[in-house]
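Student: Using the hints provided, position chain B relative to the given structure of chain A.
Protein chains: 2
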Amino acid sequence: MNKILTDKVINRLTLYHSILSDYIEKEIEYISSPQIADLLHIDNTQVRKDIALLNYRGKCKVGYKVKELKLLLEDTLKFKSVKTAIIVGAGNLGMALAKYDNFEAYGFKISALFDNNPEKTGTEVNGKKVFDIKELANLTEKFNARIAILTVPRKYAQEVSNFLVDSGIKYIWNFTPCVLNVPNDVQVWNENLIGNFLQFTVNHGVDSD
Amino acid sequence: MNKILTDKVINRLTLYHSILSDYIEKEIEYISSPQIADLLHIDNTQVRKDIALLNYRGKCKVGYKVKELKLLLEDTLKFKSVKTAIIVGAGNLGMALAKYDNFEAYGFKISALFDNNPEKTGTEVNGKKVFDIKELANLTEKFNARIAILTVPRKYAQEVSNFLVDSGIKYIWNFTPCVLNVPNDVQVWNENLIGNFLQFTVNHGVDSD
Chain A
-14 MNKILTDKVI NRLTLYHSIL SDYIEKEIEY ISSPQIADLL HIDNTQVRKD IALLNYRGKC
46 KVGYKVKELK LLLEDTLKFK SVKTAIIVGA GNLGMALAKY DNFEAYGFKI SALFDNNPEK
106 TGTEVNGKKV FDIKELANLT EKFNARIAIL TVPRKYAQEV SNFLVDSGIK YIWNFTPCVL
166 NVPNDVQVWN ENLIGNFLQF TVNHGVDSD
Chain B
-14 MNKILTDKVI NRLTLYHSIL SDYIEKEIEY ISSPQIADLL HIDNTQVRKD IALLNYRGKC
46 KVGYKVKELK LLLEDTLKFK SVKTAIIVGA GNLGMALAKY DNFEAYGFKI SALFDNNPEK
106 TGTEVNGKKV FDIKELANLT EKFNARIAIL TVPRKYAQEV SNFLVDSGIK YIWNFTPCVL
166 NVPNDVQVWN ENLIGNFLQF TVNHGVDSD
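Protein chains in written order, with our numbering: chain A, -14 to 194; chain B, -14 to 194.
Excised from the complex, chain A in its bound form:
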């Protein structure tokens, strides 16, 4: 399986995985493509096409084996290869992400949080310690941290981003509404909540008030 999956396909495969997890909890053995399609309000042929990309075929009339398909998705989406990240900014959003237990199931391990607020440093969130941001450069290696999740307020985003780059961070998952100016060897993934929201309202027919 060396085909490149588009971002949209990866997005849908993750949702299929979530549905399969629910089915396993409910101890249901088989699932059909129309069942998946119905839950997501998408077209059945889309589901079949996506799953065919995994070189997996369902059984006539009963559909896909839930456990098999789930494992295959986990393999395709590389859940087994652990990616370690730190959270920078222990405000509400940083705390929410630190508490997001589902991350670990997807191969995503949050090793620590960083903040500049002395009331927060030294505390723990969901078993993860909050360190002073000043210590970051000394700790990136210890935590094997090349991915930083940036959840600081907008006005500090660029300044903190510079500091992350100087500390050896190579990937920034940016939850701030800022476009960060980083060197070419650093990759930024903009979460861009506003963009996601606007896709919803502009393209998917949310009426305004």
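Honestly, I wouldn't trust all of these hints.
A pair counts as met if it fits within one copy or between any two copies, since identical chains are not told apart.
As the list claims (entries may be wrong) - PhoX-like, lysine-lysine: derived pairs with alpha carbons at most 25 Å apart: (1) Lys84 x Lys105; (2) Lys(-7) x Lys34; (3) Lys113 x Lys84; (4) Lys105 x Lys140; (5) Lys52 x Lys63; (6) Lys94 x Lys119; (7) Lys140 x Lys52; (8) Lys55 x Lys11; (9) Lys(-7) x Lys65; (10) Lys140 x Lys155; (11) Lys140 x Lys50; (12) Lys140 x Lys94.
If you're looking for bench data, these hints aren't it; they were derived computationally from the structure.
Tutor: What follows is chain B alone, placed relative to chain A:
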């Protein structure tokens, strides 16, 4: 301007808007497509193509007028048409979104929060009151709320979603890692953080540990 903009284009236009806002803060009058492209580490022709969709042309050698282009983007992305929403689940994520001041600039108004925790109901977050979730059905009309942002824990997601639908909510911006089962006249927009993260790691070359 009645062309349909794809989700990817909307996403990029929002990032361009963010860059333009920074330029206005810095009182810079013109911006060129290579400047935008450099900041986003994307191709210059992509930027020019996106902006051409708005029927806007830059001036030779100086580029685009920052203020004009920003207003045009706001018009295209319908920032002026106010969309009211409620937040359901006043945990860390709900609080973070309630405090996200940038939403209002994009035409997105959070009118209230709802939670079932008596320690939270009656309090205020960023000027928005937290109500008991049981009051939702009585308040949807008062708050003109047809959009709900769902930020409850995974295990309550489906149950609360049913309650939202019964209370008249028509659009759910789903931040839980659950696929919600809703009637056909209700639209769900899955924020799917895991899917976004996996796009980053699977397709954009984050090495595993």
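Student: Run every hint past the structure and note whether it holds.
Tutor: We went through each hint and held it up to the structure:
Proximity of Lys84 and Lys105 under a CA criterion of 25 Å is satisfied in both settings, with 15 Å inside one chain copy and 19 Å between copies. Both within a single protomer and between protomers do Lys(-7) and Lys34 lie at most 25 Å apart by alpha-carbon distance, with minima of 13 Å and 21 Å respectively. For the identical chains of this complex, Lys113 and Lys84 are neighbours both inside a copy (9 Å) and across copies (24 Å), given an alpha-carbon limit of 25 Å. Proximity of Lys105 to Lys140 under the C-alpha cut-off of 25 Å is restricted to the intra-copy arrangement: shortest distance 20 Å within a copy versus 29 Å between copies.
Taking CA atoms no more than 25 Å apart as the test, Lys52 paired with Lys63 passes inside one copy only; the shortest distance there is 16 Å, against 44 Å between copies. For the homomeric pair Lys94 and Lys119, the shortest alpha-carbon distance inside one copy (22 Å) is at most 25 Å, but the shortest distance between copies (36 Å) is not. Taking the shortest Cα distances, Lys140 and Lys52 sit within 25 Å of each other only across copies (21 Å), while inside one copy they are farther apart (46 Å). Only within a single protomer do Lys55 and Lys11 lie at most 25 Å apart by alpha-carbon distance; the minimum there is 14 Å, versus 50 Å between protomers.
Taking the shortest alpha-carbon separations for Lys(-7) and Lys65, only the intra-copy value of 21 Å comes in at or below 25 Å, while the best inter-copy value is 29 Å. Proximity of Lys140 and Lys155 under a CA criterion of 25 Å is satisfied intra-copy only: 22 Å inside one chain copy versus 34 Å between copies. In this homomeric assembly, Lys140 and Lys50 come within 25 Å of each other (Cα to Cα) only across copies, at 24 Å, whereas the closest approach inside a single copy is 49 Å. In this homomeric assembly, Lys140 and Lys94 come within 25 Å of each other (Cα to Cα) only across copies, at 21 Å, whereas the closest approach inside a single copy is 27 Å.
Against the hints set out earlier in the document, no violation occurs for any number.
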